[in-house]
Amino acid sequence: EAAVTQSPRSKVAVTGGKVTLSCHQTNNHDYMYWYRQDTGHGLRLIHYSYVADSTEKGDIPDGYKASRPSQENFSLILELASLSQTAVYFCASSDGDYYEQYFGPGTRLTVL
Amino acid sequence: GDKVKQSPSALSLQEGTNSALRCNFSIAATTVQWFLQNPRGSLINLFYLVPGTKENGRLKSTFNSKESYSTLHIRDAQLEDSGTYFCAAEATSSGQKLVFGQGTILKVYL
Chain A
3 EAAVTQSPRS KVAVTGGKVT LSCHQTNNHD YMYWYRQDTG HGLRLIHYSY
53 VADSTEKGDI PDGYKASRPS QENFSLILEL ASLSQTAVYF CASSDGDYYE
103 QYFGPGTRLT VL
Chain B
2 GDKVKQSPSA LSLQEGTNSA LRCNFSIAAT TVQWFLQNPR GSLINLFYLV
52 PGTKENGRLK STFNSKESYS TLHIRDAQLE DSGTYFCAAE ATSSGQKLVF
102 GQGTILKVYL
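Protein chains in written order, with the working numbering: chain A, 3 to 114; chain B, 2 to 111.
Possibly wrong hints are sitting among the right ones.
[Unchecked claim] Quick list of in silico lysine-lysine cross-link-like pairs, DSSO-like style, CA-CA up to 30 Å:
(1) 67(A) x 4(B)
(2) 98(B) x 4(B)
(3) 4(B) x 59(A)
Read the hints as simulated data drawn from the structure, not as lab findings.
With the rest of the complex left out, here is chain A (with noise of 0.2 Å):
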């Protein structure tokens, strides 16, 4: 069974609307991320946390806030989406730093 999860898997949205991505971990760990990926990109982290109600921003924090309501699950928050965040947002879970890190299978968004 998949240990990382990710809803919804798609998602077509409109410029200013509020999108949120949701992902659910089962591998009891305490640190989960936030990545997107952009054609032909390699992952680049948006926010991250390290313990329930905590998150910490990543490289590219600018546009997203980010939400941990146990230790289970993480969600990506986008207020007002815009064009330049039409990419492909992958979650993933580690034991902590010098860790493996664990991927979802990853949410496409298209903003229009």
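Position chain B relative to chain A; hints supplied.
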């Protein structure tokens, strides 16, 4: 410049042949992960490395932290090896967060 640079950017291999992919780091990497992104877009964990070498079936990977590089060797390439290979490094300068390379697109043909 790129903190994690992969080469080559793309590669075509005939089935049954061998090849090597490389990552060079301009950051002081402490650990390295290699992933295969399959045609469906999923990221498959291949290796997690501290300095040293690991082997799994037809794949072998080495991480040399002193010379700031990592390699992924593919032996007896198969059609299902096709996809995009990413390396990613953790470094103190990145707060121990993964920094990804841009990927190597591998196509294996008959």
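Outcome of the hint check:
1. 67(A) x 4(B): 26 Å, holds
2. 98(B) x 4(B): 13 Å, holds
3. 4(B) x 59(A): Between residue 4(B) and residue 59(A) the Cα gap is close to 19 Å, so the pair holds against 30 Å.
In this structure, none of the earlier numbered hints is contradicted; all agree with it.
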